[in-house]
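2 protein chains.
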Amino acid sequence: MRNLLMKVNYDGTHYDGFQTQPQGNTIQDRLEQAILHLTGEALKITASGRTDAGVHAYGQPFNFMTSSQIPLERWCLALNARLPQDIVVTEAREVPLSFHSRRGAKRKTYRYTINGNRFPDPFQRRWQHHHPVKLDIPAMQKGLTHLLGTHDFTSFASRKSTKTSHVRTIFEAHMEIDRSMCRPDSVDQGVIHTYITGSGFLQHMVRIIMGTLIHVGEGKYHADKVADILAACDRAAAGPTAVSKGLALWSVEYDEDGI
Amino acid sequence: MRNLLMKVNYDGTHYDGFQTQPQGNTIQDRLEQAILHLTGEALKITASGRTDAGVHAYGQPFNFMTSSQIPLERWCLALNARLPQDIVVTEAREVPLSFHSRRGAKRKTYRYTINGNRFPDPFQRRWQHHHPVKLDIPAMQKGLTHLLGTHDFTSFASRKSTKTSHVRTIFEAHMEIDRSMCRPDSVDQGVIHTYITGSGFLQHMVRIIMGTLIHVGEGKYHADKVADILAACDRAAAGPTAVSKGLALWSVEYDEDGI
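If you read the protein sequences in the order shown, they are chains A and B. Just so you know, we're using the UniProt record's numbering here: the first sequence kicks off at 1 and counts up by one. Just so you know, we're using the UniProt record's numbering here: the second sequence kicks off at 1 and counts up by one.
None of these hints come from the bench; they were simulated from the model. Worth double-checking, as some hints may not be accurate.
For chains that are exact copies, the list does not tell them apart, and a pair is met inside one copy or across any two.
Computed list of lysine to any residue pairs in SDA-like fashion (alpha-carbon distance at most 25 Å, straight line) [unchecked claim]: (1) K245 / E32; (2) K245 / R125; (3) K220 / S244; (4) K106 / Y221; (5) K225 / D86; (6) K245 / R2; (7) K160 / H37; (8) K134 / L72; (9) K134 / E32; (10) K142 / E32; (11) K160 / V95; (12) K134 / P71; (13) K220 / E32; (14) K225 / G59; (15) K160 / M181; (16) K134 / T169; (17) K160 / S98; (18) K142 / T109; (19) K134 / D86; (20) K245 / E41; (21) K134 / A78; (22) K245 / L202; (23) K225 / P84; (24) K134 / L202; (25) K160 / Q21; (26) K245 / M181; (27) K134 / N80.
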């Protein structure tokens with residue numbers, strides 16, 4: 001038996017998230033079908049975590065135990081040939097039998113992308129939240145700093161969260177502005193990427209953070225209100241849940257060397 | 001009567017090119033339908049040129065005469081509300097009645113994009129030719145320099161070309177390599193953009209140039225063979241026509257100030 005760790009990129013537009021659902025239209029279902037097709041093994045994969053419907057991923061780790069003897073270097077091509085074009089496996093390696101891609105994850109980074117330009121981008125529209133309203137980026141950055149550190153993030157969690165603790169740690173967070181597609185004239189404010197790195201994330205956490213920060217950017221909330229929202233431990237205190245299409249799992253880090 | 005010049009970005013994946021076709025699934029048809037819907041005018045637009053089925057564009061100019069009194073600043077939003085999401089009008093301005101977006105075009109730039117990484121990119125796959133074969137980029141760049149200047153490009157034109165002259169001028173051509181999505185390990189060679197600027201282009205010209213350059217990059221042709229191919233004035237001398245999805249009209253320039 002081997003424990004294989006793989007990484008997968010996917011455009012989540014047409015899927016109901018990562019984790020298996022009864023109707024079967026998930027990334028996990030597609031991966032497990034491809035593995036079944038390739039090896040004949042009806043197995044369950046373990047991922048670094050869930051993603052919501054419509055959320056994307058770059059290099060999301062998943063692992064599974066297999067008795068297949070297929071050489072390591074052939075797995076990616078063989079699985080990609082059996083996967084739809086919007087799901088691409090990019091890495092495969094053998095890891096110790098004890099490795100677990102969810103329990104072992106130490107740091108996860110999500111990226112949320114707002115297209116702040118006047119018009120949507122027909123090429124990138126599936127993974128950008130088009131929001132052509134003037135945003136005060138320094139205020140949003142200031143709001144973001146209130147989330148750094150270890151806090152109870154109940155205000156930024158879905159009411160449907162079933163977790164016993166909502167305490168999580170945000171290690172890093174920053175914003176980057178890409179002006180490469182701005183028209184020279186113009187009121188375009190660029191494509192705004194927000195990167196948030198934490199120990200783990202609650203359901204809808206990044207999207208509620210972003211909905212709240214957009215309110216800060218629009219001047220509806222003062223940047224320091226983010227601290228009050230956090231202290232309230234009440235979902236009703238925070239802003240709306242930003243649309244899922246702007247969100248991508250950006251990276252997952254492990255303690256183990258080279259993983 | 002006003003002469004309006006507009007610019008349009010489109011993901012050409014699902015269209016039969018720019019110019020009107022009997023079956024009606026073209027960018028021009030969609031734009032004219034949106035204008036009809038908005039103004040009630042069944043008019044014909046003039047574009048800077050055609051694009052083939054599956055080819056994309058960034059800022060392709062088109063113009064038309066209208067008696068509509070809709071203020072200039074309202075046209076883009078009004079048309080975009082009536083267009084599919086993969087076609088976006090980004091600029092509208094009034095130009096002299098004598099302006100003609102095809103006849104007035106002095107320089108056109110096309111960009112052809114090859115994804116040379118081992119695996120396709122699920123996010124950019126619709127506008128990249130995935131070609132994970134090792135390419136000799138310096139040889140391709142050398143091949144490209146043989147095309148600079150004024151030549152008869154019959155070898156690089158579709159046999160269906162109906163033009164009386166195949167003499168065109170290439171002003172500039174260069175390649176750029178984007179390694180931002182390469183995996184660190186790895187045999188990935190990056191995303192390779194080739195930009196070609198000329199006075200005008202024959203049917204399939206950029207795609208045949210790229211099919212030929214890919215043969216150079218693979219070592220099937222010596223870089224200097226490009227000069228021989230050009231001199232042959234025979235389509236059979238050149239390489240294959242590269243797939244349309246990698247091609248985008250990148251910019252069109254006019255002599256007039258500010259257009």
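Right, here's what the structure says about each hint:
In this assembly of identical chains, K245 and E32 lie within 25 Å of each other by CA distance solely inside one copy; the values are 24 Å within and 30 Å between copies. For the homomeric pair K245 and R125, the shortest alpha-carbon distances inside one copy (9 Å) and between copies (18 Å) are both at most 25 Å. In this homomeric assembly, K220 and S244 come within 25 Å of each other (Cα to Cα) only inside a single copy, at 22 Å, whereas the closest approach across copies is 46 Å. For a Cα distance limit of 25 Å, the shortest separation of K106 from Y221 qualifies neither inside one copy, at 32 Å, nor across copies, at 50 Å.
Neither within a single protomer nor between protomers do K225 and D86 lie at most 25 Å apart by alpha-carbon distance, with minima of 39 Å and 38 Å respectively. Taking the shortest Cα distances, K245 and R2 never come within 25 Å of each other, neither inside one copy (35 Å) nor across copies (40 Å). With identical chains, the CA atoms of K160 and H37 are never at most 25 Å apart, being 35 Å at best within one copy and 44 Å at best between copies. For a Cα distance limit of 25 Å, the shortest separation of K134 from L72 across copies, 21 Å, qualifies, whereas the shortest one inside one copy, 49 Å, does not.
In this assembly of identical chains, the alpha carbons of K134 and E32 never lie at most 25 Å apart, being 44 Å within a copy and 32 Å across copies at closest. For a Cα distance limit of 25 Å, the shortest separation of K142 from E32 qualifies neither inside one copy, at 43 Å, nor across copies, at 46 Å. Taking CA atoms no more than 25 Å apart as the test, K160 paired with V95 passes in neither setting, with 34 Å inside one copy and 56 Å between copies. Only between protomers do K134 and P71 lie at most 25 Å apart by alpha-carbon distance; the minimum there is 23 Å, versus 53 Å within a single protomer.
In the homo-oligomer, the alpha carbons of K220 and E32 never lie at most 25 Å apart, since the shortest distance is 45 Å inside one protomer and 40 Å across protomers. Taking CA atoms no more than 25 Å apart as the test, K225 paired with G59 passes in neither setting, with 34 Å inside one copy and 41 Å between copies. Neither within a single protomer nor between protomers do K160 and M181 lie at most 25 Å apart by alpha-carbon distance, with minima of 38 Å and 36 Å respectively. In the homo-oligomer, the alpha carbons of K134 and T169 never lie at most 25 Å apart, since the shortest distance is 30 Å inside one protomer and 43 Å across protomers.
Proximity of K160 and S98 under a CA criterion of 25 Å is satisfied in neither setting, with 31 Å inside one chain copy and 63 Å between copies. When the C-alpha separation of K142 and T109 is checked against a cutoff of 25 Å, the pair qualifies only within one copy, where the shortest distance is 19 Å, while the shortest distance between copies is 42 Å. For a Cα distance limit of 25 Å, the shortest separation of K134 from D86 across copies, 24 Å, qualifies, whereas the shortest one inside one copy, 32 Å, does not. When the C-alpha separation of K245 and E41 is checked against a cutoff of 25 Å, the pair qualifies neither within a copy, at 33 Å, nor between copies, at 36 Å.
Only between protomers do K134 and A78 lie at most 25 Å apart by alpha-carbon distance; the minimum there is 20 Å, versus 47 Å within a single protomer. Taking the closest pair of Cα atoms, K245 and L202 come within 25 Å of each other only inside a single copy of the chain (18 Å); across copies the shortest separation is 39 Å, beyond that limit. Taking identical chains as interchangeable, the C-alpha atoms of K225 and P84 are never at most 25 Å apart, the minima being 44 Å within one chain and 39 Å between chains. In the homo-oligomer, the alpha carbons of K134 and L202 never lie at most 25 Å apart, since the shortest distance is 29 Å inside one protomer and 43 Å across protomers.
Taking the shortest Cα distances, K160 and Q21 sit within 25 Å of each other inside one copy (17 Å), while across copies they are farther apart (52 Å). In the homo-oligomer, the alpha carbons of K245 and M181 lie at most 25 Å apart both inside one protomer (19 Å) and across protomers (20 Å), since each shortest distance falls under that limit. When the C-alpha separation of K134 and N80 is checked against a cutoff of 25 Å, the pair qualifies only between copies, where the shortest distance is 20 Å, while the shortest distance within a copy is 41 Å.
This entry does not satisfy hints 4, 5, 6, 7, 9, 10, 11, 13, 14, 15, 16, 17, 20, 23, 24, going by the numbered hints stated previously.
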